[in-house]
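Enquirer: Keeping the supplied structure of chain S fixed, place chain E upon it in accordance with the hints.
Chains as they are written, first to last, in my numbering: chain S, 1 to 350; chain E, 351 to 700.
Worth flagging that the hints you see were computed from the coordinates, not collected in a lab.
Please note that a few of the clues may not be correct.
Stated by the list, open to error - Here are some of the chain E residues that sit facing chain S, going by a computed Cβ distance under 8 Å:
no.: 1; residue: Q379
no.: 2; residue: D383
no.: 3; residue: G440
no.: 4; residue: T495
no.: 5; residue: G697
The C-beta atom is built at its ideal place from N, Cα and C for all residues, glycine as well.
There are 2 protein chains.
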Amino acid sequence: MSISYVSDLETPSVLIDLDKMERNIAVMQARCDDLGIQFRPHIKTHKIPDIARRQIEAGAVGIACQKVSEAEVFADAGFDDIQIPYNIVGKRKTRRLAALAKRAEVTVTVDSQPVIDGIAEAAREAGASIKMMVELVSLNQRTGTTPQAALELARRIKAADGLHFAGLMIYPSDAAIRPRLLETLALFADAGIAVETVSGGGSGASRDAHLLPELTELRVGTSIFWDWNCVVADYTGFDQVAMRVRATVVSANEPERVILDSGSKAIHSETNDGQFGHIVEYPAARLHKVNEEHGYVDCSACPSLPAVGETVHIIPVHTCVVTNLHNQLFGVRGDRVEVIWDVAARGMVW
Amino acid sequence: MSISYVSDLETPSVLIDLDKMERNIAVMQARCDDLGIQFRPHIKTHKIPDIARRQIEAGAVGIACQKVSEAEVFADAGFDDIQIPYNIVGKRKTRRLAALAKRAEVTVTVDSQPVIDGIAEAAREAGASIKMMVELVSLNQRTGTTPQAALELARRIKAADGLHFAGLMIYPSDAAIRPRLLETLALFADAGIAVETVSGGGSGASRDAHLLPELTELRVGTSIFWDWNCVVADYTGFDQVAMRVRATVVSANEPERVILDSGSKAIHSETNDGQFGHIVEYPAARLHKVNEEHGYVDCSACPSLPAVGETVHIIPVHTCVVTNLHNQLFGVRGDRVEVIWDVAARGMVW
Numbered sequence: 001m002s003i004s005y006v007s008d009l010e011t012p013s014v015l016i017d018l019d020k021m022e023r024n025i026a027v028m029q030a031r032c033d034d035l036g037i038q039f040r041p042h043i044k045t046h047k048i049p050d051i052a053r054r055q056i057e058a059g060a061v062g063i064a065c066q067k068v069s070e071a072e073v074f075a076d077a078g079f080d081d082i083q084i085p086y087n088i089v090g091k092r093k094t095r096r097l098a099a100l101a102k103r104a105e106v107t108v109t110v111d112s113q114p115v116i117d118g119i120a121e122a123a124r125e126a127g128a129s130i131k132m133m134v135e136l137v138s139l140n141q142r143t144g145t146t147p148q149a150a151l152e153l154a155r156r157i158k159a160a161d162g163l164h165f166a167g168l169m170i171y172p173s174d175a176a177i178r179p180r181l182l183e184t185l186a187l188f189a190d191a192g193i194a195v196e197t198v199s200g201g202g203s204g205a206s207r208d209a210h211l212l213p214e215l216t217e218l219r220v221g222t223s224i225f226w227d228w229n230c231v232v233a234d235y236t237g238f239d240q241v242a243m244r245v246r247a248t249v250v251s252a253n254e255p256e257r258v259i260l261d262s263g264s265k266a267i268h269s270e271t272n273d274g275q276f277g278h279i280v281e282y283p284a285a286r287l288h289k290v291n292e293e294h295g296y297v298d299c300s301a302c303p304s305l306p307a308v309g310e311t312v313h314i315i316p317v318h319t320c321v322v323t324n325l326h327n328q329l330f331g332v333r334g335d336r337v338e339v340i341w342d343v344a345a346r347g348m349v350w
Numbered sequence: 351m352s353i354s355y356v357s358d359l360e361t362p363s364v365l366i367d368l369d370k371m372e373r374n375i376a377v378m379q380a381r382c383d384d385l386g387i388q389f390r391p392h393i394k395t396h397k398i399p400d401i402a403r404r405q406i407e408a409g410a411v412g413i414a415c416q417k418v419s420e421a422e423v424f425a426d427a428g429f430d431d432i433q434i435p436y437n438i439v440g441k442r443k444t445r446r447l448a449a450l451a452k453r454a455e456v457t458v459t460v461d462s463q464p465v466i467d468g469i470a471e472a473a474r475e476a477g478a479s480i481k482m483m484v485e486l487v488s489l490n491q492r493t494g495t496t497p498q499a500a501l502e503l504a505r506r507i508k509a510a511d512g513l514h515f516a517g518l519m520i521y522p523s524d525a526a527i528r529p530r531l532l533e534t535l536a537l538f539a540d541a542g543i544a545v546e547t548v549s550g551g552g553s554g555a556s557r558d559a560h561l562l563p564e565l566t567e568l569r570v571g572t573s574i575f576w577d578w579n580c581v582v583a584d585y586t587g588f589d590q591v592a593m594r595v596r597a598t599v600v601s602a603n604e605p606e607r608v609i610l611d612s613g614s615k616a617i618h619s620e621t622n623d624g625q626f627g628h629i630v631e632y633p634a635a636r637l638h639k640v641n642e643e644h645g646y647v648d649c650s651a652c653p654s655l656p657a658v659g660e661t662v663h664i665i666p667v668h669t670c671v672v673t674n675l676h677n678q679l680f681g682v683r684g685d686r687v688e689v690i691w692d693v694a695a696r697g698m699v700w
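With the rest of the complex left out, here is chain S:
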């Protein structure tokens, strides 16, 4: 496909505004530099080695992936400091993890003894060395454990061959988690166990990071593109959002029934205030429903109406999940397509 101009692109296509992306990379790195902590971009937002390379060149210490299979894609592309902040469970996965740790520095997180045991066995079999952080449960009530249990897990990690206790992980590392973190650090200090890294994460947490001075590292994904969720949460403004989905109006027989060629397969089905995206050219329009290939737009509040064949641009609710739907992202500057990226780690579910 020979493409020079945005206007040549088929729809739906995911556009990345390169000026905005470059500024977003610089701003987050500067934020971490100012705080004196390491920045470790989570690649789930873009899933593209070339973009991660730009983040490393800007000063990032390494990358975070959420899956072993994602990490393999990035190791193949030459990345050698990869964190997987996830409980890696199951024989096939732990073996792949151990194989990966033979060719890159790999850090994982754990929140229970069985997870440690499975990884320890694979590391032993492979003769691999794996760094391991313990996850503290945070306000989102997802994975993670209590301060006292974290201490016990750290002791087990330190006692296991091939494993190296690397610190504590929190997601999201909102300021409200500080009492639990301080309690944990006190327990570890009493036990004489050094906590090398305190790794925090989350887009909102990046704003709060100065309120958690114990952090040594920040993992953020979304800030490279931002999205509508982040605008509504006041983490950023519309002007900083680098991703837009270019869409075409395919039906416009009634103002309250304008249909785009972009549905849940193009913009996903996560919602913000009951809407599936913000239409730049028609801010009063409501993208209120999606099927796989249809976006339903109520334009009855718009001063003018879109016509069949017109292209519009959608700011997605959540950029990370949009990236995972597409085989390519298009890096644009003004009206030119400057780079076409294959989404190399798309669909890496293992």
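Expert: Same frame as chain S, but now just chain E:
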């Protein structure tokens, strides 16, 4: 990847129970045969040529795709009767459509004059012949037009070189749409325009098809796998659902905070009654939240609790959107993996 047994599969993996799928294919074909209408499976549910071939062998007349790029995948695989029940808009797409129509019998639908004009121009340029149905707006208020406008569009199609008026399309073709359909057919009869095909579609509509005796053809996708939505809507029962997502418990530190390795990247984020899937082994569990790589399960109502490392099976809310997330589906019979399919038309958004 050498895999013989289901227990060898990494998680999350999408399992297709071949016995159930084969029965589902036979039941829907028999339903259409009994009604004396053609069955045209919508391939969006599986996106796999080998599965569509089984549907054709069972008696289906051809296939339906939702995108030109999907249709190209199936034409490459030898399918020669392809319907795209969608407004194809934009010069690149209409040119691809016309090229496709040079190597397969292609039928599209339209609901406005600009859509007809764009396709007519591409057909003329390519010297292609394209069949065109007019879509009637249905109760879902998506695409489609009114009876009177449909007649005008049919006249324009008949007047255009390279286009052939092929009939009327309705989605979903619920029984309640019959008055509008009868009104339209009367208008066409008065105008002396033959309506060769009345193509209905939708899983619920298949149940109602006998109440719409004007139908000549039925397009259904989901019935090959069914899903939780269809169970709740009483279109089928749990025993007929052929798709399950095999998942692993990665954290179980508290009964109300059991975490699976399957989130929105594996089971999507559509919901049914606030839940993201039905867990076969723990029917009292509530899969109440997903992030990309995490499924949050409240097991506090379960008589026993899952352990870290345990595998469970999730019946998805909506199978079509799950297929689009995965690179492979695994056809299983009992505890054996009989076939591994690449999802050839996954991510075909154009």
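Enquirer: Would you settle whether the hint for T495(E) is holds or violated, based on the nearest Cβ-Cβ distance to chain S being less than 8 Å?
Expert: holds (6 Å)
Enquirer: Quick check on the hint: G697(E) CB to chain S CB, less than 8 Å?
Expert: Interface hint status for G697(E): holds (5 Å vs cutoff 8 Å).
Enquirer: Against chain S, is Q379(E) within 8 Å by beta-carbon distance?
Expert: Violated - the Cβ of Q379(E) stays beyond 8 Å from chain S, reaching only about 24 Å at its closest.
Enquirer: Can we keep the G440(E) interface hint, with Cβ of chain S closer than 8 Å?
Expert: Hint on G440(E): holds, closest Cβ of chain S at ~6 Å, below 8 Å.
Enquirer: Is the shortest C-beta separation between D383(E) and chain S less than 8 Å?
Expert: With Cβ-Cβ at 28 Å, over 8 Å, it is violated.
Comparing the model with each numbered hint stated earlier shows that hints 1 and 2 do not hold.
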